Amino acid sequence: MRFFFTLLTATWLGGSLSSSAQIYPVFSPEITPIDSAALDEVPSFKWGIHSYAGAFIGSFQGRIYPNMRAHLKQQGIPQDWTSENVFFGFGLSKGLFKIDFEYTTTLTFGPEQNDRFLNETSTRSFTVHPAISIFKTRNRTVYLQTGVGLMGTDLKISPRNLTSSVAFSQIPTNPVVGSYPLLRHHGVVLDIALQLIHTAKRPRDLVESFRFGYRRGVEERAWFSPVLTVTGTPIDRAGLLYFQTHIQLSRNFKKS
Amino acid sequence: MITLIYLWIWFFIPDPPGTITLFRTKEYWGSGYEIRLNGETLINPFKSQHVATFQLPPGSYWLESKKYDSQTSRLRLEVKSGQHYYIRGIEDNDFLLRALHLRNWPESKAIPLLQPLKKQSILHEKLDRIVAQ
Numbered sequence: 001m002r003f004f005f006t007l008l009t010a011t012w013l014g015g016s017l018s019s020s021a022q023i024y025p026v027f028s029p030e031i032t033p034i035d036s037a038a039l040d041e042v043p044s045f046k047w048g049i050h051s052y053a054g055a056f057i058g059s060f061q062g063r064i065y066p067n068m069r070a071h072l073k074q075q076g077i078p079q080d081w082t083s084e085n086v087f088f089g090f091g092l093s094k095g096l097f098k099i100d101f102e103y104t105t106t107l108t109f110g111p112e113q114n115d116r117f118l119n120e121t122s123t124r125s126f127t128v129h130p131a132i133s134i135f136k137t138r139n140r141t142v143y144l145q146t147g148v149g150l151m152g153t154d155l156k157i158s159p160r161n162l163t164s165s166v167a168f169s170q171i172p173t174n175p176v177v178g179s180y181p182l183l184r185h186h187g188v189v190l191d192i193a194l195q196l197i198h199t200a201k202r203p204r205d206l207v208e209s210f211r212f213g214y215r216r217g218v219e220e221r222a223w224f225s226p227v228l229t230v231t232g233t234p235i236d237r238a239g240l241l242y243f244q245t246h247i248q249l250s251r252n253f254k255k256s
Numbered sequence: 001m002i003t004l005i006y007l008w009i010w011f012f013i014p015d016p017p018g019t020i021t022l023f024r025t026k027e028y029w030g031s032g033y034e035i036r037l038n039g040e041t042l043i044n045p046f047k048s049q050h051v052a053t054f055q056l057p058p059g060s061y062w063l064e065s066k067k068y069d070s071q072t073s074r075l076r077l078e079v080k081s082g083q084h085y086y087i088r089g090i091e092d093n094d095f096l097l098r099a100l101h102l103r104n105w106p107e108s109k110a111i112p113l114l115q116p117l118k119k120q121s122i123l124h125e126k127l128d129r130i131v132a133q
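Keeping their order, the protein sequence lines are chains A and B. Residues 1 to 256 (our numbering) make up the first sequence, in order. Residues 1 to 133 (our numbering) make up the second sequence, in order.
Careful: at least some of the hints might be erroneous.
Claimed, not checked - Here are the computed lysine-lysine pairs in the DSS-like style, where the Cα-Cα straight-line distance is at most 25 Å:
id	chain 1	residue 1	chain 2	residue 2
1	A	Lys136	B	Lys118
2	B	Lys126	A	Lys136
3	B	Lys126	B	Lys66
Said to hold, decoys possible - In silico contact screen, one side only, chain A against chain B (beta carbon under 8 Å); selected entries:
id	residue
4	Ser133
5	Lys136
6	Thr137
7	Arg138
8	Asn139
9	Leu206
10	Val207
11	Glu208
12	Arg251
Worth flagging that the hints you see were computed from the coordinates, not collected in a lab. None of these values were measured; they are calculated from a predicted model. The beta carbon of each residue, even a glycine, is placed where N, CA and C say it ideally should be.
This is chain B alone, in the form it adopts within the complex:
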């Protein structure tokens, strides 16, 4: 009986979420971008020298960056339970291309870069809506 109860609890308790840390380091003349998760605006604007942390249930997501005069740059995120993902925003701003690239960054290289960054607020109601879907 106790085993059955444990199995029942195990079945219904959700997997712990994965954690996403999205950051941009100092960039001269860098501009702010809209960050979208599965098409929903999560951060606007996401400026250089900022870091945002949020949690997502395991699954596949599209993370996109866009600005009114930029190209959309996107990254496929495969979030696994309990994993921590560091994603760095790198801006290309030149005559041919304006875009904020989102790239997976190794944890060992990311952590030292996070120290001087300011915390970026995110739109929690949008995040909750994405998570509920």
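In isolation and in its complexed conformation, chain A is listed as follows:
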């Protein structure tokens, strides 16, 4: 895994430098004015490959699980349904169409808490997004994206009981009253989103993009625990509203 991330980082740094060097020569002492006559009129790439990534800056998601939310509210447990996310993906584009494969996970900055409970919620998903360009200018393209994938959400709820104490060595054998096991909800989701992205103009390009979307489970499913058989858990149809800011590295080709 460490090798994979090292390779990904090296590819990204190299690709970004290589893209920038098309405009800002690395060893040039100063940036010379652009000769207007030397530029392509309109980019006309036939196809391309790309990878993209984004983190908590400009990325946000809100999970929608109404029945679990009602349960937490009833029990006085703090809600933790919104969070920043981290994601990376790769894909292919050809003409008006493109397809993205994406993995998203939650970036947590600590649990929500009140006097009685701590609650930390995290979501991860793997989705595939076919998309069609519905608006394209020299500088910007808008894609209408659909999507299908798997999404899972974990709920870690711990009671707070600071008045009593327990020896560290006895924790494995000493049940905590009011403790929730890890709760999980997962299933197949469908996705629809709009993506605003800079149009690729260079053989190696580095662009930014913004995406706003909604994701919904195909069926209602009960929450369960992977560590304990629990009955009577709330049943929810998963939902997710998200906004993402990407940086995308692409390699574009004029011949098909």
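Based on these hints, arrange chain B on the given structure of chain A.
For chain B alone, kept in the frame of chain A given last:
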């Protein structure tokens, strides 16, 4: 004698100027740029969907576009007497580059594009100063 007078008049009457039509068509999220001629600000800001027309004596000029956060893009203009030049501003606005490119545009393609554009005012005192140089 009359021939000499005609020659004298011909020598001192300046050549008719060349005409420059600078235009930008509709661009979504397009921003305004400063247009400079030989380093003097001629139009500021020059926004999309605008057209400016001015005349220049024959000669060589540098036409440049610049915005505070953009790269300078420039075009060498060789103006000939009585000629009409159409120059189109095309903006690049992406993660790597922000610039307004100035490109010579064929008259036959330019004229249909000019119809819906608004007239852009220019700084005449600057233009007069450039012409006087």
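(request) Could you check the structure against the hints above and give me the numbers of any it violates, in ascending order? (result) Per hint list: 2, 4, 5 and 12 violated.
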